[in-house]
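For reference, the chains in residue letters:
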Amino acid sequence: MSWTTVCDVETIGLDEAVLALVDGEQVAVVRTAGGEVFAVDQRDPYSGAHVMARGIVGTRGDRPCLVSPMYKQVFDLRTGACLDTVGGEERVLPTWPVRVEAGRVLVGSGRNTGATPTSSPEPSSVGA
Amino acid sequence: MTHHPKQLVVVGGGMVARRLVDALRERDTDGRWAITLLCEEPRAPYDRVALTSYFSGRDPDDLSLGGAEIWDDPLVTIRRGVAATRVDREAREVTCSDGRVLPFDELVLATGSSAAVPPVPGTDLQGCFVYRTIDDVAALRQWVEALRERHDRPLRGAVVGGGLLGLEAAGALQALEVASHVVEFAPRLMPIQVDDGGGEALRRLITGLGVDVRTGTATSRISGERGRVHRMHFADGPALPVDVVVLATGVRPRDELARACGLEIGERGGVVVDDACRTTDPAISAIGEVACIEGRVWGIVAPGYAMAEVTADRLLGGGATFPGADTATKLKLLGVDVASFGDAFGTEPGSLDVVVSDPVAGVYKKLVLSDDARTLRGGILVGDASAYAGLRPMLGRELPGDPVSYLLPEGVGAAPSAELPDDATVCSCNNVSAGTVRGSVTEHACTDLPAVKACTRAGTSCGSCLPLVKRLMTTELERSGVEVSDALCEHLDLSRAQLFDVVRVGQLRSFTEVLERHGRGRGCDICKPVVASVLASLWNEHPLTQGRAGLQDTNDRYLANMQKDGSYSVVPRIPGGEITPEGLIVIGEIARDFGLYTKITGGQRIDLFGARLDQLPDIWRRLVDAGFESGHAYGKSLRTVKSCVGSTWCRYGVQDSVGLAIALEERYRGLRSPHKIKLGVSGCARECAEARGKDVGVIATDHGWNLYVGGNGGFTPRHAQLLAEDLPTDELVRAIDRYLMYYVRTADRLQRTAAWQEDHEGGLDAIRAVVLEDSLGIAADLDAAMAQHVDTYVDEWAAALEDPKTLARFTTFVNAPDAHDDTLAYVAERGQARPATPAERSGPVLVAGTTLEVRS
Ligand code: SRM
Ligand SMILES: Cc1cc2nc3c(=O)[nH]c(=O)nc-3n(C[C@H](O)[C@H](O)[C@H](O)COP(=O)(O)OP(=O)(O)OC[C@H]3O[C@@H](n4cnc5c(N)ncnc54)[C@H](O)[C@@H]3O)c2cc1C
Ligand code: SF4
Ligand code: FES
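These protein sequence lines map, in sequence, to chains A and B. Numbers in our numbering are just positions in the first sequence, counted from 1, shifted up by 107. Numbers in our numbering are just positions in the second sequence, counted from 1, shifted up by 250.
No lab work stands behind these hints: they were computed from the structure. Be a bit skeptical, because a hint or two may be false.
Unchecked claim - If you want the ones that stay clear, here's a sample from chain B, every Cβ over 10 angstroms from chain A, calculated:
| no. | residue |
| --- | --- |
| 1 | P292 |
| 2 | G567 |
| 3 | L602 |
| 4 | I850 |
| 5 | R1084 |
To be verified - Below 25 angstroms or equal to it, Euclidean Cα-Cα: the simulated DSS-like pairs (lysine-lysine) are:
| no. | chain 1 | residue 1 | chain 2 | residue 2 |
| --- | --- | --- | --- | --- |
| 6 | B | K814 | B | K926 |
| 7 | B | K814 | A | K179 |
| 8 | B | K926 | A | K179 |
| 9 | B | K849 | B | K814 |
| 10 | B | K926 | B | K849 |
| 11 | B | K582 | B | K720 |
Since we're looking at a predicted model, the values are computed, not measured. Quick reminder that beta carbons are idealized off the backbone N, C-alpha and C, glycines included.
Construct all of the structure, not just a fragment, from the sequences and the given hints.
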């Protein structure tokens, strides 16, 4: 797997996201208040608009979540599973491999499109 | 039914007598007792506790207690306007004022109290009143109305006595538009219920209602002129001119019948009874305010009701005894919250006080706890007694959690209802337990407050337990799957109004602080924007600085409105819809240069659609340089003030509606609120600005402006309702200031003014009282908050352009600063760009109508 260096982890505010270009694709990179870093598609699977990095980061129970700014579906950042479909059908937000090395965030090539925990990336802890 | 029921004579048709009759008739299914009730007053028992509501135009009939059917019961005889004059214990007979003699098997004295008249010369003058019966208050009202006919100056009144009753009477005088003074001998108001700190807070609240307060003052005499009250004189200080005087210096048990027939009388009056309410004559009982039980006389209704229940039980052969009572009291005066309960002064040894005092907010709260700070012994709440209903049942029990949390605004953090044991008394007037209230939901399928009240009787007397009853009901409903909570989300249990208060009182400045103090976890898309909005309303700081950008919802986050394809629209402010030709040209040029679709909105301004995120700062720069600013189309804040052309051009216009609309728009621009706010101003009653469809609508009249509030278009259209008529401009603006600020403080998340107004306790009338008469004593606060908003307003676009950190948020890719979002695709339609449909995106023909990149 090839890895693209995206930015310093400190560039991303806590519970915020930035947008990165990885292999010509738009990837939203999220850093939670707990210090974990996740990467997901920028494309919102419901509206089709490229907006995910502009959504609110938060939690549902102990699950880190990203909420689409368009129609407010809630996605589990660890698996991309939709926790609140706002009445619609279930859709998955594809996730990307991501790790933090020497204070830099790296996103791996190739998204995961399944929502099963086995295909989900291990979140990288950077020590909150 | 037995053929010869025993004779029960009840003397005194008051509240407690009525409870006895109800209780006995309910339980005496075999008809063992025939009841005769003697009422000295010319009417059946009524709700004395609610006496003051007689002034708010209520019919005496509205004060009736329970149904009137009881008087048709063949076993109940009521004699109105008939007093008992003598009791013959030997013969077991009562002599009545109408000459009749009634034999009895049992006699119950329920003669209550009479108002005490202080030993001051002049109390017999015309214009001096006591405050105890319907006839008293009717005479008082008549006197005031007759005086008003005669004088065209404001009337002046004084109340002797600054206790519960005196303050209620002062409120009643104010309601009759009589400027009132309260004169209290003790050094503070309500000396029996509150301590010095509470007294001071109370004084401020009462003074805020326009009532003049003199404590530590002895009234020496009342002087008259032609037999009518004229002046009040004091031990020191100048005399006070008065037109009416109310004496509220206490009550005296009406124990005269008992004295005359030789029953034992308490040291300070009252008929001595044992814990089964029997006097020294076993055939005679005494209940209510006339009884001296456990060595004391009770001046409140709840112990009286308990005595009535005990007596009913005993008459039917039961062994019930007086369960004791607490002195908990709550002042019933609109806008002045005072409650006192349990050992409020901490007289028990080893008591510990927890005090929260906030003179600015007008709040003083004290809890008295056991020395380990766990068990609640009593408390005093002044200025905000919302915790009272929840705290009172916890008397003598361990308070779960930090005691201070119970003193924060509106029961923040405290959820005593959840832990309240089933046997805790919730409604002490009617002795209803938490379990009974819960049962009304679970077993009797009650789903709203009226149903629970009807089913359990809780909350049907003084009403002070209602908040708690409601909470219990809500919790129970939720348990059965009905959603009623006003908690924001899993991270914050507060309603938006509560949140506003804790942020304001605690001077909180960040989301983290709010969540750490009052919530849990890390937050979500529900609580973050709400907290951001509250912080913005209070501190008026830029939405994208201080780490707040991540809290903002979709549109606020980039100070623009997100469109279906992820691009943005830009709406510059055009106050009142008035725009110069130059302004129109600039907007046109900008739209052309950036290839934006333009449309005139329903809010009288121009919307520019299809801007990429990274183009927003460049577009704003051009607009700001030309003198435009943000129109806040993205914010839960003021949108527009729509206007008609008004007297400037229109041949019917009577006022300058455009001028006022612009002034209002510039005043309230940027004000963050629970939901968006829209205003309208029409220059005459033809109403071309559709002002009555707005949150605040202003319509010109020949004499000034009519102010309408709570209008709405949208999903549930509503016409705004008239708040005030013919206001001059400065008063109009002040009224709108207060209305809006009050809404901002107390509405729920995403609740427009129409719904807020409808939900507000007391409805529009109560809101009007707050806005125009300062009934809550918060007007100065609201005015100051609005003044601060106006003073600190800055254009959010211009401020964003100044701040490099904020501007950095508008870069598209963190690792490719020069690349653009290439997923946006447009086709031309009617000469402008619009987003391409999915079919158009994949199809062969894609028309580039604009300067934006078109995907091929
Ligand atoms: C642009 C405009 C339509 C137009 O082309 O004319 C418009 C556009 C939107 N309206 Fe509106 N409303 C517009 C005038 C109105 C009006 C008419 C008016 O203000 O006189 C109403 C009815 C009056 C009222 O609010 O009571 C109106 C009632 C709504 C509602 C329903 C509110 C309600 O209380 O039920 C929503 C939904 C909401 O806010 O939750 C809404 C929501 C929206 C949103 C924000 C939907 C969204 O989330 O994207 C649209 C934003 C478009 C954008 O990007 O700018 N819009 N909207 C109008 C902008 C006015 C302006 O200059 O700011
Ligand atoms: C303005 C006001 C506000 C109040 N607010 C509250 C409150 O918020 N909470 C609270 O707990 N309490 C309040 N009280 C006190 C409450 O009203 C009394 O505690 C309650 O009414 C006592 O009931 P009772 O039946 O013992 O006496 P009463 O209600 O006084 O009834 C006694 C009746 O007996 C009649 N009577 C007397 N002698 C005779 C006779 N010889 N023959 C025939 N009839 C006779 C009297 O005319 C009277 O109608 C308030 C009182 C007033 C005046
Ligand atoms: S009416 Fe509906 S579609 Fe039209 S602008 Fe308003 S929200 Fe959008
Ligand atoms: S406590 Fe008075 S009505 Fe419930």
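Original post:
Which numbered conditions among the earlier hints are violated in the structure presented, ordered from lowest to highest?
Top reply: When the structure is compared with the hints, none of them turns out to be violated.
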